[in-house]
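The primary structure of each chain is shown beneath.
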Amino acid sequence: MALVNIKIEGISYQVESGMTILEAAKACGYEIPSLCAFNHGECNLASCRVCLVEATGARGLVASCVYPVAEGMEIRISSPAAVEARRNSVELLLSNHNKNCQQCDKNGQCELLYVAQLTGARDDAFAGSYSERHIDRIAPALVRDTSKCILCGRCVERCKNAHGLGILGFENRGFNTFVAPAENRSFADSPCIQCGQCVNVCPTGALMENSEIGKIDAAFKAGKHVIVQAAPAVRAALGEEFGYPIGTPVTGKMIAALRRLGFERVYDVNFGADLTIMEEGTELLGRLTNGGVLPMITSCSPGWINYAEYNYGDLLPHLSSCKSPHQMQGAIIKSYWAEQNGIAPEDVFVVSVMPCVAKKFEKEREQEKVNGIADVDAVITTRELARMIKRSGILFNRLPDEEWDQDIMGDYSGAGVIFGVTGGVMEAALRTVYYKLTGKEKEAITFEEVRGHEAGIREASIDINGTVVNVAIASGMKSAKVLLDEIREGKSKYQFIEIMGCPGGCINGGGQPYVRSCFLPNESDDILDTYKEKRAKALYTEDERQVIRQSHNNPQIIELYEKYLGEPNSHKAHELLHTSYAAREGFNELD
Amino acid sequence: MNRLSDAAVAKIEGICERYKDEKTPLMMILSDIQNEYGYIPLEVQELVSKKTGISVAEIYGVVTFYSFFSLTPKGKYVIGCCLGTACYVKGAQQVIDKFSEILEIKPGETSKDGLFTLDALRCIGACGIAPAVTINGKVYPKMTPSQVAEVVKNYKEKEAATA
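Chains as they are written, first to last, in the working numbering: chain A, 574 to 1164; chain B, 171 to 333.
FYI, nobody ran anything at the bench for these hints, they're computed from the structure. The C-beta atom is built at its ideal place from N, Cα and C for all residues, glycine as well. Don't take every hint at face value.
[Stated by the list, open to error] Result set (DSSO-like, lysine-lysine): computed pairs, CA atoms no more than 27 Å apart in a straight line: (1) Lys1051(A) - Lys312(B); (2) Lys1054(A) - Lys672(A); (3) Lys220(B) - Lys1054(A); (4) Lys1064(A) - Lys220(B); (5) Lys1051(A) - Lys220(B); (6) Lys1054(A) - Lys193(B); (7) Lys221(B) - Lys1051(A).
[Unchecked claim] Derived Cβ-Cβ restraints for the label pairs, each shown as a range: (8) Lys190(B) - Asn863(A): 43 to 51 Å; (9) Gly583(A) - Gly278(B): 50 to 58 Å; (10) Thr314(B) - Gly747(A): 24 to 32 Å; (11) Glu327(B) - Lys672(A): 54 to 62 Å; (12) Glu1059(A) - Ala178(B): 29 to 37 Å; (13) Met574(A) - Tyr258(B): 49 to 57 Å; (14) Glu329(B) - Lys1064(A): 58 to 66 Å; (15) Met574(A) - Lys193(B): 23 to 31 Å.
Let the sequences and hints guide you as you build the complete structure.
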């Protein structure tokens, strides 16, 4: 890469040509206040005008996030004109911003508030009228409030990049512009898969999860038996909300916190994950040996299920009929657990802590109910759990490490843990399928070839005693589409496919803590490139620490089948643990 | 949501096909559809999305950005009131307000009988005759609010005579 000589604040530097001024300044040790620019130019509309600097050779001030460096360029970040312009830009944004910050769940992690403080912006600098406010609270997973939107376009780009979908776009023009699904519809009335990737990149509170903390409060008030279950990926990221380095597993402290929040039982969804493997593994073996529909595709990710129902209605028979782990476990809590404890299912309130917002939608599905009773009553994200812990005055960092409740569904295997990362469900299933086909455990327990932490497609051929299973893994719908189109065209060579909605799997789910350099001063500059790998590593490490590494060796799983379910895919198992799908129209007809 | 006739689908697909080698075909496609049908509803945008790979939200964004495109069918007579700078200072706002009042529609809307659509236009380049109004291409120079009722009446009578 060619180098160019530039000066910043009068000091000479050599930087790579082609860099933007913002990137070059960062490399030289300057953090120019910026707002709309995100993730190596994933969003670079230069719409916010917060990153203005002086640069020789340019007409007026330039937006450093898009303006490239050039040989001999002299850049001034600290000139009075640049400082004032940046402050004015933020003041203009504030002049059309709903500033009820104390009522906003983004408070503390709001990038607009952050640059307002940095630039010294005052909210009354440009008083005037406000754009019309549009709020969408209809979708179970997501809330959109245009009064908080700064029109940066990050969400628009993320939806296209992660999924090739582009649900959100800019509507109308000028002062009336807002970001919405076409026709300003609710997410619920568009082909949005409710994955929440847009929430993860939103700099303000314009896009948020639909919080269900209130439902939990109400359940406690009503005297219900409130049971909580936490998904594997939560423990790999919750610590970030309390200042731990990214990738620090905080399983023990999380359990301790959940107990202090008053939950009657604290369970790991890993038990449900093991149960899923038993059911899904058996289903796969059945399809392999009885000429069933292949390739079979995993069904743990509700974002992916939404995508399939909207776009690939013809391929739904390929989906495993298994419910996702937390739904399975919810069904068991409301049946077997309730029976064992002499409690009516209606008096049990199951809360799932998830790295996901689509799970909020999933739990509402009619197909996820047993005798009219929902498996799960409330889903909160990793972020919402952190809020609950903070408001209760629990000093997370000082908590002791505690253990999951052990009755009935306390054991879990390492196979369940790795569900949280792309390739994990596949690996967990292969461990059990290997055993079922050969009658013995695989000596080298891991299937390294299916591991990863990024979006994209990975494939492998696994030879199990002469039976070759071709598998593929995709996360993010853009990648999944390639595999799905192959199936549609009859060209797929795979028997088993794992698809996760979010790029990188659940560790990068739409309910995970926000990753923003400005709020993570102790993380390295490249944290946006490395956080997925770090979170994934936390899960693989926990897998290695488990004595039991395969779902079929979990003693409480064995007991559950012996005492209650019979065997995998039995009639009872189907009633409780399996579901169905139906093609849906993306833009449904509105009333 | 596909309630389009087979003929319409074929025609729109044909329009998309026409520009398949263009680097940025969207404006041309939408412009042809607007000229052909007079409006571009969501069903049509979905079809264009399918053919071009451009997301529906992006297409909808373009349709709502340019006032030339319409989401709803236009009336038989499209009244365009220029609100450019010259027309505006000569009282174009009062003219369009009068049309609004008499036709009982806001700018951008179509009257219930489907006869009139009222559009607010940016400068149409007829500043010498400001304020200018066009109705289906016919130019009405130096309009005043007091002439509006007469103009509307003439069109209504013309309509009644042919009915």
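Right, here's what the structure says about each hint:
1. Lys1051(A) - Lys312(B): violated (56 Å)
2. Lys1054(A) - Lys672(A): violated (40 Å)
3. Lys220(B) - Lys1054(A): Distance of about 14 Å is within 27 Å: holds.
4. Lys1064(A) - Lys220(B): Holds, at about 22 Å.
5. Lys1051(A) - Lys220(B): holds (15 Å)
6. Lys1054(A) - Lys193(B): holds (23 Å)
7. Lys221(B) - Lys1051(A): The hint holds at about 17 Å.
8. Lys190(B) - Asn863(A): 43 to 51 Å: holds (45 Å)
9. Gly583(A) - Gly278(B): 50 to 58 Å: holds (54 Å)
10. Thr314(B) - Gly747(A): 24 to 32 Å: This hint holds: roughly 29 Å between Cβ atoms.
11. Glu327(B) - Lys672(A): 54 to 62 Å: Hint holds: Cβ distance 55 Å, inside 54 to 62 Å.
12. Glu1059(A) - Ala178(B): 29 to 37 Å: Holds, at about 32 Å.
13. Met574(A) - Tyr258(B): 49 to 57 Å: With a Cβ separation near 53 Å, Met574(A) and Tyr258(B) satisfy 49 to 57 Å, so the hint holds.
14. Glu329(B) - Lys1064(A): 58 to 66 Å: The hinted range 58 to 66 Å holds for Glu329(B) and Lys1064(A), with Cβ atoms some 60 Å apart.
15. Met574(A) - Lys193(B): 23 to 31 Å: holds (28 Å)
The structure does not agree with the numbered hints 1 and 2 stated previously, though it agrees with the rest.
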